[in-house]
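Given only the sequences and the hints, what does the whole structure look like? Please build it.
Residues 1 to 200 (this note's numbering) make up the sequence shown, in order.
Among the hints, a few may not be true.
The following label-pair restraints were derived from C-beta to C-beta distances [to be verified]:
no.	residue 1	residue 2	range
1	D146	E191	42 to 50 Å
2	V171	Q15	17 to 25 Å
3	A20	E135	31 to 39 Å
Dumping the calculated DSS-like pairs for lysine-lysine here, alpha-carbon to alpha-carbon at most 27 Å [unchecked claim]:
no.	residue 1	residue 2
4	K169	K29
5	K29	K89
6	K196	K14
7	K194	K62
8	K29	K3
9	K169	K149
10	K149	K85
11	K196	K62
12	K3	K194
13	K71	K14
14	K169	K85
15	K71	K29
16	K149	K89
17	K14	K149
18	K89	K169
19	K89	K3
20	K3	K85
21	K71	K169
22	K89	K14
23	K3	K192
24	K14	K3
25	K14	K138
26	K147	K169
27	K138	K89
28	K147	K71
29	K196	K85
30	K29	K149
31	K62	K3
32	K149	K138
33	K85	K138
34	K192	K71
35	K169	K138
36	K3	K196
37	K194	K149
38	K62	K29
39	K14	K29
The hints are simulated quantities; they were obtained by calculation from the structure and are not laboratory data.
This structure is a prediction, so every number in the text was calculated from the model and none was measured.
Even for Gly, the Cβ is constructed at its ideal location relative to N, Cα and C.
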Amino acid sequence: MQKIILASQSPRRKQLLEWAEIPFEIVVKSTEETYPEDLPIEEIPIHIARQKAIVVTETITKMVKLSQEPKIILAADTVVVLGDKIIGKPVDRQDAIDILISLSGNLHRVITGVVIQQGDQEIAFSDITSVQFHELTKQQIEFYVDKYKPYDKAGAYAIQEWIGVVGIKSVSGDFYNVMGLPVSRVVQELEKLKRKELKE
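Here's what the structure looks like:
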């Protein structure tokens with residue numbers, strides 16, 4: 001498979017691409033993760049992922065020769081949604097505790113928006129996974145927050161860590177989507193892109 005550009009510094013996305021044995025390099029440029037207020041929730045992570053991809057594409061275009069084949073850019077953004085409210089990354093310890101208290105015993109959705117760009121071609125989609133937590137005690141929540149410090153994670157947790165092992169009752173959908181990338185769908189879309197290139 002052609003080497004791609006991952007427009008993300010997430011160690012989870014890096015790990016998933018490595019597990020899928022997709023060759024890649026990381027190029028990240030800071031972007032404002034903003035979106036129109038009237039945008040449907042399912043489209044918000046796609047919108048933010050597209051912003052990431054566009055900035056990296058502009059950067060890469062300046063670096064490569066015009067004669068070279070356009071690079072494949074992969075960008076993603078993940079949001080955690082409880083009811084109709086997006087839950088972002090916690091700002092501090094108390095915020096992380098409060099977030100996990102709100103998720104305890106409840107069903108929430110994890111939505112990852114993915115954008116794959118190559119030249120003037122774009123593939124964009126979102127993947128939704130439903131996650132049901134057991135009722136968590138305050139002691140469990142505080143233990144997790146203090147030991148794992150999930151301040152860089154939307155929803156204040158990582159499913160592959162202790163809280164996922166002991167606290168999650170069920171997962172409906174792609175498990176790896178909750179980690180930050182629906183990697184099997186990404187592989188399928190990259191294969192489609194490759195086949196299209198071969199036909200042309």
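Worksheet item: Hey, K14 versus K149, does the alpha-carbon distance stay inside 27 Å?
Response: Given pair K14, K149 holds - Cα atoms ~20 Å apart, limit 27 Å.
Discussion item. Holds or violated: K29 and K149, Cα atoms, limit 27 Å.
Written reply: Between K29 and K149 the Cα gap is close to 25 Å, so the pair holds against 27 Å.
Item to complete: Starting from K194, check that the Cα of K62 is at most 27 Å away, please.
Response: Cα-Cα ~24 Å, so holds.
Worksheet item: Holds or violated: are the alpha carbons of K138 and K89 at most 27 Å from each other?
Response: Roughly 19 Å between the alpha carbons, so the hint for K138 and K89 holds.
Worksheet entry | Straight-line alpha-carbon gap K3 to K196, limit 27 Å | Holds - the C-alpha atoms of K196 and K3 are around 16 Å apart, at most 27 Å.
Worksheet item: Would the pair K85 and K138 pass a check requiring their Cα atoms to be no farther apart than 27 Å?
Response: This hinted pair holds, its Cα atoms lying about 22 Å apart.
Discussion item. Hint check: K196 vs K62, CA-CA at most 27 Å. Holds or violated?
Written reply: Answer holds: K196 to K62 is near 26 Å, not above 27 Å.
Worksheet item: Does K147 pair with K169 here, judged by a C-alpha cut-off of 27 Å?
Response: This hinted pair holds, its Cα atoms lying about 21 Å apart.
Worksheet item: Taken at face value, is the distance from the CA of K169 to the CA of K71 at most 27 Å?
Response: 41 Å, violated
Fill in: Given hint K71 paired with K192 - CA-CA distance at most 27 Å
Distance ~16 Å between K192 and K71 Cα, so the pair holds.
Discussion item. Check whether the Cα positions of K147 and K71 lie no farther apart than 27 Å.
Written reply: 40 Å, violated
Worksheet item: When you check the alpha-carbon spacing of K14 and K138, does it fall within 27 Å?
Response: 32 Å, violated
Hint compliance for this structure: hints 4, 19, 20, 21, 25, 28, 29, 37 are broken, all remaining hints hold.
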